[in-house]
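Q: Now for the letters of each chain:
Protein chains: 2
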Amino acid sequence: MKALVYVTLKKTVLDPQGATIARALQGMGHPEIASVRQGKFFEIEIEGMDAAQARPMLERIAEDVLSNPVIEEFRVELLQD
Amino acid sequence: MKALVYVTLKKTVLDPQGATIARALQGMGHPEIASVRQGKFFEIEIEGMDAAQARPMLERIAEDVLSNPVIEEFRVELLQD
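Sequence lines, in order, name chains R and Y. So in my numbering, spot 30 of the first sequence is number 52, and the numbers just go up one at a time. So in my numbering, spot 5 of the second sequence is number 27, and the numbers just go up one at a time.
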């Protein structure tokens with residue numbers, strides 16, 4: 023089974039990297055770009071588990087390892103195959 | 023309008039960071055984790071453009087600015103609102 027974990031900065035946390043990209047794009051002739059926020063994601067291949075077992079494990083992994091819960095939030099998506 | 027641009031390493035390119043995360047998780051008692059690949063994404067807010075105009079602009083931006091086409095591939099997703 024394949025899973026995707028998306029990690030983004032919380033809405034209330036400044037994203038200077040995203041802001042820099044937005045300004046750069048505006049300066050390159052794209053005034054339509056109002057804002058950019060950057061995040062990361064993880065494609066995880068899981069073996070020998072069904073979705074009911076995988077989801078709680080992934081939520082734990084996302085919270086403990088893949089994200090910093092002080093400033094980031096995450097979303098787990100399971101892809102059946 | 024909001025858009026998401028996902029950037030991942032091409033399948034043929036090694037992802038040492040993802041491999042390290044996978045090994046760490048296996049060592050932390052998650053042998054079910056077969057592999058991890060890391061990617062990044064950009065949440066982009068666009069003003070004064072419809073989807074027909076935004077998509078080609080975003081494809082150009084993704085190719086020229088947000089990704090390295092030698093080793094990375096990207097996917098553009100438009101969210102209507």
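Check the hints yourself; a few may be wrong.
Identical copies carry no separate label here, and so any pair may be met within one copy or between two of them.
Stated by the list, open to error - Calculated pairs, SDA-like style, for lysine to any residue (alpha carbon to alpha carbon, straight line, at most 25 Å): (1) Lys32 x Gln75; (2) Lys24 x Pro78; (3) Lys32 x Gly51; (4) Lys62 x Gly40; (5) Lys24 x Ser57; (6) Lys32 x Arg59; (7) Lys62 x Val35; (8) Lys32 x Asp72; (9) Lys24 x His52; (10) Lys32 x Met79.
The set of hints was computed from the structure by calculation and includes no laboratory data.
Q: All hints, please: hold or fail.
A: Structure-based check of all given hints:
no., hint, in the structure
1, Lys32 x Gln75, "neither (27 Å within a copy, 30 Å between copies)"
2, Lys24 x Pro78, "within (14 Å within a copy, 30 Å between copies)"
3, Lys32 x Gly51, "neither (29 Å within a copy, 29 Å between copies)"
4, Lys62 x Gly40, "both (12 Å within a copy, 12 Å between copies)"
5, Lys24 x Ser57, "between (31 Å within a copy, 10 Å between copies)"
6, Lys32 x Arg59, "both (10 Å within a copy, 23 Å between copies)"
7, Lys62 x Val35, "both (15 Å within a copy, 18 Å between copies)"
8, Lys32 x Asp72, "neither (30 Å within a copy, 27 Å between copies)"
9, Lys24 x His52, "between (36 Å within a copy, 15 Å between copies)"
10, Lys32 x Met79, "within (22 Å within a copy, 27 Å between copies)"
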